[in-house]
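> Here is how the chains run, residue by residue.
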Amino acid sequence: MKNEQKRKDRGRIGEFTIETILRFFAGISILTTIAIVWTLFSETIIFFKEVSITEFFTGTKWTPTLEPRHFGILPLFVGTMMIAIGASIIALPFGLGSAIYLSEYAPKRVRKIIKPLLEILAGIPSIVYGFFALTFITPILQKFLPQTQVFNAASASIAVGIMIIPMVASLSEDAMMAIPDSIRQGAYALGSTKFEVATKVIVPAALSGIGSAFVLAVSRAIGETMIVAIAAGQSPVLTFNPLKSIQTMTGFMVNISLGDIQHGTIEYKTVFAVGAMLFVITFVMNIIAKMIVNRYREEY
Amino acid sequence: MEIKIKVENLTFYYGNFKALDNISIDIEDRKITALIGPSGCGKSTFIRTLNRMNDLIAGTKVEGTILLDGKDIMKNEIDAVELRKRVGLVFQKPNPFPKSIYENVVYGPKRHGIKNKAQLDEIVEKSLQGAALWDEVKDKLHGSALALSGGQQQRLCIARCLAMQPEVLLMDEPTSALDPIATMKIEELFETLKKNYAIVIVTHSMQQAGRISDNTGFFLNGELVEFGQTDILFTKPRDKRTEDYITGRFG
Numbered sequence: 001m002k003n004e005q006k007r008k009d010r011g012r013i014g015e016f017t018i019e020t021i022l023r024f025f026a027g028i029s030i031l032t033t034i035a036i037v038w039t040l041f042s043e044t045i046i047f048f049k050e051v052s053i054t055e056f057f058t059g060t061k062w063t064p065t066l067e068p069r070h071f072g073i074l075p076l077f078v079g080t081m082m083i084a085i086g087a088s089i090i091a092l093p094f095g096l097g098s099a100i101y102l103s104e105y106a107p108k109r110v111r112k113i114i115k116p117l118l119e120i121l122a123g124i125p126s127i128v129y130g131f132f133a134l135t136f137i138t139p140i141l142q143k144f145l146p147q148t149q150v151f152n153a154a155s156a157s158i159a160v161g162i163m164i165i166p167m168v169a170s171l172s173e174d175a176m177m178a179i180p181d182s183i184r185q186g187a188y189a190l191g192s193t194k195f196e197v198a199t200k201v202i203v204p205a206a207l208s209g210i211g212s213a214f215v216l217a218v219s220r221a222i223g224e225t226m227i228v229a230i231a232a233g234q235s236p237v238l239t240f241n242p243l244k245s246i247q248t249m250t251g252f253m254v255n256i257s258l259g260d261i262q263h264g265t266i267e268y269k270t271v272f273a274v275g276a277m278l279f280v281i282t283f284v285m286n287i288i289a290k291m292i293v294n295r296y297r298e299e300y
Numbered sequence: 001m002e003i004k005i006k007v008e009n010l011t012f013y014y015g016n017f018k019a020l021d022n023i024s025i026d027i028e029d030r031k032i033t034a035l036i037g038p039s040g041c042g043k044s045t046f047i048r049t050l051n052r053m054n055d056l057i058a059g060t061k062v063e064g065t066i067l068l069d070g071k072d073i074m075k076n077e078i079d080a081v082e083l084r085k086r087v088g089l090v091f092q093k094p095n096p097f098p099k100s101i102y103e104n105v106v107y108g109p110k111r112h113g114i115k116n117k118a119q120l121d122e123i124v125e126k127s128l129q130g131a132a133l134w135d136e137v138k139d140k141l142h143g144s145a146l147a148l149s150g151g152q153q154q155r156l157c158i159a160r161c162l163a164m165q166p167e168v169l170l171m172d173e174p175t176s177a178l179d180p181i182a183t184m185k186i187e188e189l190f191e192t193l194k195k196n197y198a199i200v201i202v203t204h205s206m207q208q209a210g211r212i213s214d215n216t217g218f219f220l221n222g223e224l225v226e227f228g229q230t231d232i233l234f235t236k237p238r239d240k241r242t243e244d245y246i247t248g249r250f251g
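Listed in order, the protein sequences are those of chains A and B.
Each residue of the first sequence is one higher than the one before, starting from 1 at the first, in UniProt numbering.
Each residue of the second sequence is one higher than the one before, starting from 1 at the first, in UniProt numbering.
Incorrect hints may appear among the rest.
Said to hold, decoys possible - Lysine to any residue pairs mimicking SDA-like chemistry, simulated, CA-CA at most 25 Å apart:
1. A:LYS194 / B:SER44
2. B:LYS61 / A:GLU104
3. A:LYS115 / B:ARG111
4. B:LYS85 / A:THR63
5. A:LYS200 / B:ARG111
Keep in mind the hints are simulated off the structure, nothing from the lab.
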């Protein structure tokens with residue numbers, strides 16, 4: 001009787017200890033996030049004491065390290081968006097196409113081989129993609145479009161697009177495979193072709209999963225640093241021509257961090273301001289995505 | 001008596017396993033044909049050969065002939081996709097698409113080229129009425145099909161099938177996942193549907209077969225042991241195995 005009580009007590013203490021430790025782990029990651037956001041925004045606030053918000057958001061020149069200094073983020077923003085849009089144009093059709101093939105068409109044996117292969121693509125370090133863009137994609141572009149500059153947005157965005165294909169494909173395929181087979185059978189029994197089953201039933205049913213896969217991948221493209229630092233160039237010029245050298249927000253941050261910038265100077269603070277912008281963009285994108293996903297979920 | 005589907009010497013293999021052995025059976029038009037037998041006896045496999053759903057499973061082989069209105073459906077020139085428009089199948093577990101009720105019903109017609117909104121609206125109303133579901137859902141046609149009860153979902157699946165204006169309705173244990181009241185509603189529905197369609201229903205329940213069918217076939221181990229008019233098969237079975245099964249000695 002007494003022993004049993006002891007065992008119970010010990011069990012309770014054990015449970016309590018484990019819970020505390022786990023709570024500590026969870027707390028650490030949340031605290032870290034808060035600390036990062038705090039650093040980002042406190043430096044950004046200081047930055048905006050020296051640079052007007054209007055100039056930052058509407059200025060079309062970005063020369064924070066050169067006199068006369070200009071702090072218009074538009075060139076960087078447009079550069080980033082060109083990369084993200086270009087990458088999406090590559091990754092969405094290829095990613096979704098591979099997902100449809102893998103989940104609806106491929107025999108089990110083929111899927112078993114292709115899916116891991118596809119995921120290997122995701123494991124290639126992005127610096128490799130960067131050099132791939134510079135030494136392989138750019139020369140091809142130059143062959144067909146001679147006006148292409150050595151560093152250009154198109155080449156980098158193609159490489160980023162290729163890099164995020166596996167992410168789109170793999171996550172979309174998971175979402176499509178999660179649709180029960182009975183739904184497929186039902187569609188076939190109504191006289192659908194394989195293509196109709198895939199495009200009219202399975203893709204719409206998996207749309208929330210596919211949407212979130214796509215948004216995650218685009219976020220990744222926006223945050224991608226190494227490829228654009230190597231292949232896209234370092235010219236923060238406002239242009240919509242993808243064949244020209246540009247600079248993205250991440251590209252700028254890398255560039256500044258590599259130079260010998262003094263702590264506390266205005267150049268130093270620009271890194272935080274641009275970083276905060278980047279954070280806000282991806283954050284808002286994720287929220288929009290969640291809203292879209294929830295709306296689709298409600299309908300089903 | 002008009003024969004809709006004539007099956008002759010049908011043998012079916014999953015890999016090396018012979019799931020159906022030399023089945024010959026006549027499905028009458030505007031009649032309900034019930035197929036009974038213990039689990040794994042081949043009755044579900046059999047009705048899936050009638051609209052070539054088994055084509056979707058790798059490693060299967062069919063021998064023999066199935067004539068729909070006298071035409072062989074196993075020949076490749078009759079496309080399985082076209083065939084399934086004429087021979088609808090309702091599954092054991094309701095499987096509506098995760099779309100609205102309206103979209104579920106118009107799925108088939110849309111696939112087959114009907115785009116006119118007024119025409120689609122009419123099909124939806126007629127099909128849902130045909131499946132005795134219209135009054136329950138007419139105010140929420142654009143609500144999710146998944147929000148319906150199991151019985152309603154199954155009637156929606158029947159409506160979805162009717163919307164294609166098939167000639168034959170195959171039902172694979174359509175009420176086995178439903179409660180008695182929903183089952184009763186669907187059985188009543190069969191009585192009206194048989195005025196226009198040849199219906200083949202696989203059922204686990206001998207009572208159900210007795211209640212609704214005109215003809216009954218008894219399957220055992222891939223063989224069609226006995227086939228005939230329902231009242232005769234249940235009262236004067238010719239085969240000992242049929243008698244044993246319907247009197248509950250096994251199964």
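> Are B:LYS61 and A:GLU104 close enough, with their CA atoms no more than 25 Å apart?
holds (22 Å)
> Check whether the Cα positions of A:LYS200 and B:ARG111 lie no farther apart than 25 Å.
Status holds; Cα separation ~9 Å.
> B:LYS85 and A:THR63: Cα distance at most 25 Å?
Since the Cα atoms of B:LYS85 and A:THR63 sit roughly 67 Å apart, the hinted pair is violated (cutoff 25 Å).
> A:LYS194 and B:SER44: Cα distance at most 25 Å?
Cα-Cα ~23 Å, so holds.
> Is the straight-line distance between the alpha-carbon of A:LYS115 and that of B:ARG111 25 Å or less?
violated (31 Å)
Hint compliance for this structure: hints 3 and 4 are not met, and every other hint is.
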